Each structure stands twice: as C-alpha cells, then as structure tokens.
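S.K.: Can you build the whole structure from these sequences, using the hints too?
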Amino acid sequence: MNVNLVRFCYNLCMVPILFMVGSVFVWSKEPLLWAVSVGIGGVFCCLLYKGRRKEDFFERNYKYIVVIFLAVTFAYQMAKAGELRFVPSFDLDAIYGGALEWLQTGTFAGYYDYFDWFPNNLGGLSVLYLFLKAGSVFTSDYFFIAAFGNEILLILTYLFISLSARKLWGSFCGVIALIMAGCMAPLLFMTDAFYTDSLSVLFPVLLFYLSLKTEDAKGRGLLGWCLLSGAVAAVGALVKSTVIIMAAAVFVSFVIRKKWKRAVTYFVCVSAVCLAVSFLFHQYFYTCHLDPALAEVKNTPYGHWVMMGLKGDGRYNPEDYEFTRSFSEPAKRNQAIKEEIQSRISQRGIKGMTELYSQKLYGCFGDGTLGLSDFLDDSPEKKSVLHEFILYEGKQYGLYHTLCCMLLYGFFLLGTAFVWTNAIKRETDEKACMGEEMYRAKRRCAGSAFALPTALCGLIIFLMNWEVSPRYITNYVPILLLLAAGGCKELVCLTQERGWDKKGLAVMEKHGKEIKIFAMAVSFRVAVYLLSVCMMAIFGDFSEGITFSDFLEAWKRWDSAHYINIAENGYGGAIENGEHIFLVFYPLYPWLMRTLTLFFEDIRLCGILISVMSYAGGTVFFYRITKTEFGEKTAENAILLLSLFPFGFFFGAIATESLFFLLAAAFFYYLRNHRWGMTALLGFLACLTKVQGLLLAFSVLVELLYAEKGISLIRNKKWGEFFKRVIWPGCICALMLGGFWIYLLINYLVEGDFLKFMFYQKNHWGQGLSPMWETVGYVKDYAIGGWYTSTGMSLWVPELLLFIVYLAVIAYGIYRKIRPMYLSYLIFFFMLTYSCSWLLSAGRYTLSALPFFMLTGEAVKRREKWKISVMVVSAMAMMLYMTGYYSWKQIM
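Following my numbering from start to finish, the sequence shown increments by one per residue and tops out at 872.
As a list, the in silico DSSO-like pairs of lysine-lysine whose alpha-carbon atoms are at most 30 Å apart: (1) K847 to K760; (2) K9 to K291; (3) K841 to K493.
For each label pair, taking beta carbons as the anchor points, the in silico distance ranges come out as: (4) M658 to L12: 22 to 32 Å; (5) R33 to V785: 45 to 55 Å; (6) H262 to T577: 51 to 61 Å; (7) S529 to E276: 50 to 60 Å; (8) Q327 to Y296: 14 to 24 Å; (9) E81 to G520: 50 to 60 Å; (10) S529 to Y264: 54 to 64 Å; (11) T771 to A15: 36 to 46 Å.
If you're looking for bench data, these hints aren't it; they were derived computationally from the structure.
These numbers were taken from a predicted model, which means no experiment stands behind them.
The C-beta atom is built at its ideal place from N, Cα and C for all residues, glycine as well.
M.R.: Okay, here's the thing in structure tokens:
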C-alpha cells in the first residue's frame, strides 16, 4: 500500500468535509453551541483515553455488552414507538398504504398514480410489503408490524456500527461507537418513521462492514463476500439510491491502495448484481402492476430535484413540480428541465452558487433532529410529553433541537479529526510509539477506513446538487458515527505519540487546583442559574413554558438594561428624554458585549457569558493572592464566602461585578509579584470598568512605599535606588489612569464636556459624594424606622449591617497586619461606598472589596466552628435576596 497516496487522498477528502463543516458553522450562527460540541467530542476522547488500558476486559465481555445494549435499546424504542404512533400521510402513506393494499388485494391500484410519478419509492414499498406479509401471520396491527420491521433494521444498524468499529480499532472503540449511536436521539425515536430514510439506514454501514470482511478474503471467499456486497448494495439502492455511494467508496478505497484484484472483483460483482436485481425488480413491477407507457410519461426525472435545489434555498417548492408536470412529452420535459438548470446556474454565477452550496449543506447537515418531525407530526394518535420535545410545534422543541445539534456537530468535529489525523505525516512518531508491526497494522486500518470519508464526501457532493432536506443524511449517520469513533481513537493515539498526555498531566499537576477552582466556579454559576429557573417557575407566569429568552430576561434587571442599551447603540445613541444620561456607566463591559455579538446574536447572552467567565477567572486569581497571604485553607474559605455572599448572585447577572472582580483580582496578583506592566494594563482596564478602579492606584502607591522601602530610601537619600525601585515602576503603573482618561474623553466626544457624567450623576441619578456620617445617618434612620417594609429589608437593613461588618473587618485587618496594599484598598473602598449621597447598592459594591473576603475567610479559618453556620446563613440570605431581585424588589 502506498502510504503517501492514501494520505494524499485523505487530504482531498478534507476539502469537501471542511466546506460542509464550515458551512454549518457559518449558517448556524451558534458559536456557543459549537463550543459545547467541542466539549462533547473531548468527553468521548477522554472516555476512550481512560479505557484504553482495559481493552482486554472489553474484548472478553464485548458480546455481553452489545447484547445488553441492543436489548435495552430495543425495549426502549418499541415502548416509545407506541407512544409516538401516528397516522401516516403523504409519501409515507403512499409506501405504507400501498404495501397494506398490496397485501390485502394483491396489488396497490389505489397508489398507482403516486408510483407513476415517484418510482424511486417502489423499493420502500416492497420492503414494507415483505414486513407486513411476514408479520400478518402473528397480528393484524399493520402499523406495529411496519414499526417492528423498521426497528429490526435499526437494531442491526447499531450492531454493525459496533462490529465495524471493533474490527478497525478494537473492542472498546466498538463500545464507544455504540454509546455514540445511543446518544443520537433521532435514531431512538425513528421506529415509527418507516420511510426510505430509515429503511435504508442499515445498508451503507453493512456494506462497509462487508468490505472489511473482503479485505482478508481470498479465492471463493473473496467472490462470496463481493457477491453478498452486491446483493446488499442492490437492495439498499432500490430503497434509497444514495446507498450506492457507499459501494463506490469501497471500490475507490481498493483502487487507491492498488488492490487491483479486489477492486475488479468487487466492481464486477456489485455492478452485475445491482444491474440484474434492478432489471428484474422493475421488470416485475412494470409487468404485473404499473403501466410502463404511462409511467414513462409521468415519471419524475432526477433532473427535477437538481432543478428544485437551485431555487431559493434549495428546499421543496411546489412551483417546480407544476413546471415538471406541465409537459406531456418526456423528451421536451427533460430538455426544459436541463435548460432551466443551466439558466439558474448562470443567473447565480460562481459566487452565488458557492453561497447556495453552503446554504444547502447547512440545510442538510445542520439539523441534528434529522427532520424526524416531518413524519411524527402527521396526526399523532395521542399526545405525550415526548411530543413537546420532538415535534416542530412542541414547546420544548428548541431545547431538543439544540441538544441534537450539539451532538451531531460534535460528531462532525470528531469525524473531521479522523480525516485530518490520517492526512498529516506521522510515520516517525507512530513507529517510535508503536513499533514496526503495529504501525503496519495501523496504516492498513487507515486504508480500510478510507471508504468512510470517501462516502461522506460523495454524499456531500450529491446533496450540494440535490433538493435540500435534513432527512437525506439519515442513512449515512452510522458512517458519521464510525468516523467520530475513529476520530476519538486517532486523537488519543496522536496525543500519546506527541506526548501531549504527559504534558497535560504535568500541567494538571502544576495548575490542577486552579483548573478545579475554575471548573467549580462555572459549575456553581450554572447551579445558581438552575435555581433561578426554579424561581421563575414558582413566582412567574409561564403557562406556555419557560424559554431560553425568558431565562436571559430574568437576569436583565435594573442597570442591566442600560449596559445593553450602550452596547447596542453606543453612548451617542443611548438617549433618554433627549439626554445622554447613561454616560455615568463605564464603557469596558458594554464594549465587550458588543464585541461578542460578532459570535452570538443575543446580546443578553453575551453579557451572561462575560459575567460567568470573568467570575470563574477571578476566583483563580483570588485564590492565588489569598493563598499567598494566608494559606490554602483561607483561600478556599474566602472563595466560598464570596460566592455565597447574600449579593453574590450579581456575579451571574448582566452587570460589571464579575468583570471588575476578575480585573481587580488579577491586578493584585501581578502587583503582589511586582510585574508592573501587567499591573498597569489590568489597572487600565479596571478604570474602564468601574469608578472603583481608581482606588487601585492607591494600592500601587502603598505597595511601592512598603515593599520597595520607598520611605527608607528617601531618608537615606538613595535617590538612584529610589528612582529605580519606586519612581520608574510608579510611572509605568500610572498609565493605568489612562483608562479613566478614555472615559472622560467619551464624555467630551458625546457632550463636549469631560466631566458631564458628574452632571448626570447628580441631576438625574441623584448621586454624589457626601460626608460619611450623613450617609450612615440616613441609612440608620431608614433601616430602624422601616425595617419591616420591603424597601427597608431589601435596601437599608443590609447596608446598615454591612457598615458594622466593614468596621469589624477593617479592625481585624489591622490586627492581623494584612499587607498594606490590601488594607488601604479596603479602607478607601469602604469610605467611597459609604460616602454616596444616595447609597442604593452597598451589597453589590462589596463584591469588589476583595480584602473584605480575604479577611473573613481567615477569620472563619481561625474559628472553624463558625464556618458551617456562616456559610448556611449566607447561602440562605443569597437565595432570599435573589428571589427579591427576580421579583423586582429594591435590590440593585
């Protein structure tokens, strides 16, 4: 076998496959969904990586695993078949109703007209007739018989998916392929949809499995396997013509490996059997049932579907059917269709055709549900909860569609990885990793598997020139699953060859704690979001069901709408009553939201994603700085207290808290390590996020004087050292104030006044600076005088309690001699917060007071018996205030 030629052919296959995957990515406009799909692919790869050392176990128990899987799947699918039962209509009614009439009367005269128009469905008619003929001995429930026969084909499909993967890559990979097949929800619900898409699903994968058996056969054995392949290809092509693509792909795989004897034998046997079966099949029908003369006039030519695929987005349209049937002479009809095809192509041009091909591939490959609802929504006999998910009009169809697409796209990526890993040059690494003998076996396997991407490429090219329907890829889903299983195997092998697994373990060993914290932070936010959905269900009115948009809207409260307004319209367009009152909001967060809309359509989702990722990243830096000052236990406590803080739910809202938390935590981390350039950059960004960013400058000053002995250098008149260790780093860090200057410049560009935000802050928002005692005075009066009111308990009581806690924490910080840069920041932060002329958000602001949580974490560590009580009370308060936030109470 010429390894270079095989590799070159794999590279050729990459072109249409990448075009297909790229088209689906572009037209789906769901980068987040694709990101999850990458994660799904990673899960399967990790599963295969973890189980690779237990190949012997899976080899010994393979039969039992497969039998159990098939038995459970069969029972589940048959149970759901009864639940999803419907009355067939249109094309499905033609082949089912025709088969039933044929069984009962000896012919299908009531459907002659349909099969004169669409003789391509005679194969499906015949298969269902055979099912009904065999099943009528046991029952007269013909729908059940048809579904049962279809289920047998689906179960055999699962079996041959697994057997093929096992023969290529081992027993465990065969099990992985089964798991992948079990994850494809449309296959689980396809039992009742016994149309040609489902009836033909077995044949491509069975053809591939037979090609693997052909690989090692000789003499009569080779001839026997080739003839059997011909029979399978012939029957499959009668049911669905695209089955023949798989046979052609197998032939090509023999040719490129220069297995001339097998290629010739396979081609001759398959061609001869297909031609003979097709001739006899059509001879029978046009002799015993249909009128050949009438059928010739009415027969819908293949060019019709090519023509229909060139109009609009390539989907079904009745106008082209009217056009095709307007001709009574086949020759004129065919010529007119040919001319119409040429006309449509010339009108579009190269650019238009490329865009159309891309759009058509998305239409065929972009729907993870495989268009199954086209059948299941045809007059269901009874409604069930499952219908709410899998039917187009179902309330939860969007969720079902998203989940199906995630899996399908994940399998696309794994399949692409399989082709890519076989296309790149890897001999040196592989031989060193596996040895000569295993390397040869692997390359032989790569040659045998080449039929898989070839078949997928053939289907892609075919569907680019055909009518669009997501159902048309159904019978090649098993081939895609085999490619995905192979992709997992190849990626695991490549990881071992390149030593990526060892490098990954080294990274995990070095940064395992931080990775765990990041993952747990994301998981915690997801848990809070799930809790919010429960709150929505309890306190909201969602009789039509809770949609994802409803969920996003629930987190758009108070200032969130203003940030969205700025992100969508800019400061110049964000106007209320003719005034730019939203200049009081800092720009970095809405700018990031606007940037993310390049990838996500919903700007609310962009805000949520920024908040979640910023919070998770911030916990990592916060853990590092707290661990440096107080140790690991305190760091863990601090993160828990921060996350369970009564107002900690704001970290998941469309607000600046998470972003500033990330920037401030990272700022302190780099300041603590005296990396002045990063300190300046992060300070710059923090000053673009919140006014509290300016307070970070005081921390820089204090750190320079404390850690670099600035005062001592002045006293000793060491001016050179003073300049080098204090002045120069200070000048670098002073650049951080540029973030605030940009904010002032925005004010000038919009209103012509650098300080216009102060005008709006005072005259519209009623906010400014006042002596701390005045602020604390009115907070105390409102809290004591109205604690029993909604506003009192939502707003003033928490602010009064926080004031007391702040004083205690600052005192504790002085007692514990916390590093001055943290203590100074906490004191200035406290003073700024309680110097607001109208303090409404002290609880939310506190989320940015990082030393506050560092010190409380240390206090809890030293009083371990308080820990559980503090955490429980804090968590309960967070749930209480999150409920109030959702209910539009004065929690902002």
